[in-house]
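4 protein chains.
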Amino acid sequence: MENAECKMTVSEEIELKGHIIDSIILPRVLDAIMDMEGDFEILSLDVGKKKTDISTARMVIRGKDHEHLDKLLDELQMLGAVLPVKNVETEVAPRDKILPDKFYSTTHHPTYVRIKDRWMRAKDIEMDCTIVIEDERAICKRQGLVKKGDRVVVGHSGVRVEPPERSRKPMDIFGFMQSDVSPEKPINSYIVDLAKEMNQIRENNGKIIVVAGPAIVHTGADKSLAELVRMGYVQVLFGGNALAVMDIEKQLFGTSLGMDEHTGLVLERGYKSHLVAINEIWKVGSIKDAVKRGIIKEGIMYECVKCEVPYVLAGSIRDDGPLPEVITDVMEAQDEMRKYIQDADMVIMTASMLHSIATGNLLPSWVKTVSIDINPYVVTRLQDRGTSQALGIVSDPGMFLPRLVEELKKLE
Amino acid sequence: MENAECKMTVSEEIELKGHIIDSIILPRVLDAIMDMEGDFEILSLDVGKKKTDISTARMVIRGKDHEHLDKLLDELQMLGAVLPVKNVETEVAPRDKILPDKFYSTTHHPTYVRIKDRWMRAKDIEMDCTIVIEDERAICKRQGLVKKGDRVVVGHSGVRVEPPERSRKPMDIFGFMQSDVSPEKPINSYIVDLAKEMNQIRENNGKIIVVAGPAIVHTGADKSLAELVRMGYVQVLFGGNALAVMDIEKQLFGTSLGMDEHTGLVLERGYKSHLVAINEIWKVGSIKDAVKRGIIKEGIMYECVKCEVPYVLAGSIRDDGPLPEVITDVMEAQDEMRKYIQDADMVIMTASMLHSIATGNLLPSWVKTVSIDINPYVVTRLQDRGTSQALGIVSDPGMFLPRLVEELKKLE
Amino acid sequence: MENAECKMTVSEEIELKGHIIDSIILPRVLDAIMDMEGDFEILSLDVGKKKTDISTARMVIRGKDHEHLDKLLDELQMLGAVLPVKNVETEVAPRDKILPDKFYSTTHHPTYVRIKDRWMRAKDIEMDCTIVIEDERAICKRQGLVKKGDRVVVGHSGVRVEPPERSRKPMDIFGFMQSDVSPEKPINSYIVDLAKEMNQIRENNGKIIVVAGPAIVHTGADKSLAELVRMGYVQVLFGGNALAVMDIEKQLFGTSLGMDEHTGLVLERGYKSHLVAINEIWKVGSIKDAVKRGIIKEGIMYECVKCEVPYVLAGSIRDDGPLPEVITDVMEAQDEMRKYIQDADMVIMTASMLHSIATGNLLPSWVKTVSIDINPYVVTRLQDRGTSQALGIVSDPGMFLPRLVEELKKLE
Amino acid sequence: MENAECKMTVSEEIELKGHIIDSIILPRVLDAIMDMEGDFEILSLDVGKKKTDISTARMVIRGKDHEHLDKLLDELQMLGAVLPVKNVETEVAPRDKILPDKFYSTTHHPTYVRIKDRWMRAKDIEMDCTIVIEDERAICKRQGLVKKGDRVVVGHSGVRVEPPERSRKPMDIFGFMQSDVSPEKPINSYIVDLAKEMNQIRENNGKIIVVAGPAIVHTGADKSLAELVRMGYVQVLFGGNALAVMDIEKQLFGTSLGMDEHTGLVLERGYKSHLVAINEIWKVGSIKDAVKRGIIKEGIMYECVKCEVPYVLAGSIRDDGPLPEVITDVMEAQDEMRKYIQDADMVIMTASMLHSIATGNLLPSWVKTVSIDINPYVVTRLQDRGTSQALGIVSDPGMFLPRLVEELKKLE
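Protein chains in written order, with the numbering used here: chain W, 1244 to 1655; chain P, 1244 to 1655; chain A, 1244 to 1655; chain B, 1244 to 1655.
Hints in this document: simulated from the structure, not taken from any laboratory.
Do not take every clue at face value.
Repeated chains share a single entry, so a pair holds when one copy, or any two copies, can fit it.
To be verified - Straight-line C-alpha distance at most 25 Å; calculated DMTMM-like pairs for lysine to aspartate or glutamate: (1) LYS1466 <-> GLU1650; (2) LYS1307 <-> ASP1393; (3) LYS1307 <-> ASP1503; (4) LYS1549 <-> ASP1296.
These figures come from a predicted structure and were not determined experimentally.
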């Protein structure tokens, strides 16, 4: 180890600022350096004495060689480290969809790019994309949309990231570190808090996106989701073919994927109802038309149409049909979802692993995110995939939505 | 295989009666014979032509030798097969806790023993025990309680078992085969049905046992369980040390195992509250005394004391303390639970793997049993361990109990 | 109930044949009639006396009205009931993708259609599709591929389904009813049996499809999957973008989604390696080209290219990139998977809910299917969605594949 | 908030020392103060400049009143804060099992008590107990063992706790923060590391405790556990009645709880084998006697007896029988387990929630702890219950043990 340290001759100075100690930004930086077998020396640490004070740290980072140091700086920058102030560097994309080798890859935190000595906030930020400079504006783009000749940010000069800090406010449900997925949480209190937060957003004409899977229909919580739409708590709905088909099937036949809505009894021929529901919608052309013609008279999709809540139905390879409005090209579907993401105030993900992770991938870190699933793997996976801001609740969405509606009604 | 069959020369005749085809008793009998590599010949099959009719089958079972045939008959008898009518045979237990080699081991179905040419129903039936004949009465006893000289039933003559048949009634939640543990069930309808069933039992002055684990307190569903007690829906409570301590801790400090009841925040020192709660009860001697002296003024245990609902707190090796009323000897605790089991109308198991499986082991098959847990392994395990009558619901008990109370209130 | 029965005046005669009692076909038929509140009378039941004998039942089914009877017959037909022999009826599809109202919806069992007094086996059978008659041939088609003017089978006349029967052979792992998802199974014996079965298929130049998710790479089981390909045990690979990217990322950087392959340590910047891997493949055009040019030198995809094992990479909305060969249109991806399905001998599904269920939807019931996942919900869901033939194993694919390779090597 | 701070007039000075920044001790201290609505001022922060340097912080903590400050100090002390050096204070236990009101409750970290101006390390430390001073020695005792007149430590003066710091060594599997329970980990690398660590312990004549549940037998991993014993990798075995009975049942009948060890087939009568196995052991008196007389010739328990590996079989309320050597009083069983805990080098917990959590409760934080379970709830629960040092692995123990044995054999 000592030997290893001796060899560290390449170095760079970085700065950290904010609640870097108690928001564990500084510890994470030191941890990362040690994990990556780099070295550091703290030049100065000016610690906020009181809890509202800001701290500042300056330190020298040392790597084994330039490549190693680059990796270290890459990592530290993602954690909020600021490098000596320089303008951003770009290289030109050699072909469509091809990035320059040293492209900068984004986090989902607020990101600033220094162009002509001014920090500009990158637009449409989302994780695992790249930043393109157009007319002195920085725009976050997914790889597939980068065109030949685009000026793509490379290296780590002139980029600043602001990871979220620990809330200074008295505690709220989004203020904690929610690192685990235990079902042993005061779920009944969380619902009260969540209802208040949602109510506040509605008061402010904010925007709540709900991501829902078909278990919502199976469990009978579709009535509650329809009510949420009616009450004005859903501004956009993300789902898949299954959600819409089962909702429509239930309105037409009282079953979901052939399962009786009261008894849970599944008949073999029940699957047919699923197919008939799809056929009925194809006959009239769209869900909207089915509502207009009075074919569907209730349910989640009905309320969305009635309340003019836009919905994005993204296709998947396990789809039957699918319905006419389902977007079968997955990248098109993603881009359609992107249209609603950036100004969202809250996202509630429930009973869908696929759509929840997909939405999580698109979300900036400042959007309040709640993921409710009975499957702890969904919540874990969401966090493994980087949606670290999500409040993960392991509970039964089929019970959660009815209870949530109950709490929201108390606030009317 | 053909050869194997040739060798089957030992045989016995059995009879099956009832809704043996659609209650899949006959198929299970044929399956078992084939699984065990025995052979059969159907002598007669008199099939009920209409759905209310009874069917009867007579068949010859053949085994490779006497031991093989014995095993076959053992298995078939458990499935409801009746052997040629003979009186029961017994052997004397050679020492305390030692059974004769060929002891009969019980199922949890109604069981009749033929003594002096009369069928007597065995008392206190429970699975995996033995039957002792005392004064021409048949009593089900666990191995550990068998005394030297007890006349223990051996072999399979003179014993008749009545496995449950498929309900002929229009469907109710206990009528289905609930073989799987999917969370994709109409939980919101199940709750309505369960509430009705519970209400019916209360009307008839029946008996409901609730088995609860500490997650009930963590999730905030303790208020609902307390309310169930108050409403008269709990006649006996089974739990462990943790349930009682956390309930008391919450009344005294607003935390459960140190977790704040509103925020879910866990402090290191929080565990201390757990220990203080135990100490407080030891200081006054018992939960009952703590209620009497006004130290505990609310909660699950408070309501049990106030409403004179008996509780059994069974110890486990992970206990802190434990509280004075916890029974630390596990066999004593089992026997205490046994006192409340036989005349129960319903058992609701929630959020406890240990206590649910333990209770399941003691339950006769005619007791309506519901198991609600967020962990699918609990429900699966319960069925793996033979509590096949249990309606297994994979849902969040923390939401389930509040919703259940809501439904029950509609019936008041 | 008695009244209800009085009203049943519409009736039809059906026949059941085969091991209908112990394969629980008859019980399921009687069950379904009672669940659906129909009525029946058994006209004759000729029971096979010995275990190799065939049984035959003839019965009258009664419904409340024609619609009710139709639903009953629909259901019973799916369970294997044969209606009085008539030729099949068809109606013409009014428009592309629009089915006639009474279209017949398929099961995944062998299905025969009676055309001009001859039973013809339907081609390309798969569940939840429809049957089109072309030039006296019956072809199973998904709704989306039905064209205006196609002659679509309607009603239930002239269709015969053969649900699988219980194996008469001594037991093998595919012979049992695997209804539950318990992890308490003799997994180490299952692996031995599975290895033998796979070896047998390879001997017979059969076809094994492996469906794999990215956890295979995370857990380090990618080495084992690559070895399976090399050993000749994989004839087709189904996966998604993530599987291929992580496999390639690991070859290039020793990480999977930024997680170190040895330590499990995840760096923030690690996700970048994921994007770089995608970029590298875009630079050369395809995985095949990357292998050819020596950019990828090991791993799952490398072995597939080297051993000329075809792969289908189906896109999903959570994809980064995706890679050039990923099919982003989900219905196109499904149809590409269909090309490999019908003559498969075995499908091994592992560590992917999405791709496993999608594959399950396409599989005929006679294909030996094994699903291994650590998440019991995956196995449950697969069975909820109708892939009832699947042997569901709740285990860790990351350990399962290495153990499987070990067992297969013993058979070399 | 500002107002709240004005009211904070009671204060105390504390000190923190060590790798307090990157081991996140300081951040956790600041977090805790804010969570508990206290206030702080940092007096000095002397930061280690290089990664091997030590940091020191001194700060003033302010509370609303004495009780609030006490709670704050309690919490901070558990996190490693040192209060101004004073001698410890004690009060006398008023009765057996009754603690003085302000008793100090222990963590599972190394703990020092200042007696007559000397720091003495507390003996037998374990979480959630109390410290009794006997003859100037500090002994950790569970509440139930405290006797009237014992001098019990109260308050927080004169107590110092040393929470574990982040390892400075290059990474090993026990060095990481293992906060999540994802199955997406490089399990195949972990096994290699674990095998090395175990081998090292065996070289040093160290002590490994294995905690095992009955699924080990069901899955066929019993052979591997028996081999671990034989290879000298198990110095103590903790389990329950079920583990021993199923192991014995398998040796006698080839089944575990009636499930065939090869096919997984469960017969109704199979449960009887379980009871017969218990009866057989009662007939000879103990497992040891059964081995001596040649009744048991293989298996886990056999190897333990042969290799003189002590075992503790702790009873639970779901036990059948139980076997003669099972300790039915849970507190006695705990105390028996305690005898083996303090000098353990490693504990491997596998396939048992009950016994794992119970063992976790007893473990000092410096014991290397690995928990392997297929049920993520077990791993989560273990950490919820405070066994934060445990490396939690969500995998199938039935596969894990065979793979572990394989790796260990490579090191022979």
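Taking the hints in turn, this is what the structure says about them:
no.	hint	in the structure
1	LYS1466 <-> GLU1650	both (15 Å within a copy, 16 Å between copies)
2	LYS1307 <-> ASP1393	neither (33 Å within a copy, 59 Å between copies)
3	LYS1307 <-> ASP1503	between (65 Å within a copy, 19 Å between copies)
4	LYS1549 <-> ASP1296	neither (50 Å within a copy, 52 Å between copies)
In this structure, the earlier hints numbered 2, 4 are contradicted, and the remaining ones agree with it.
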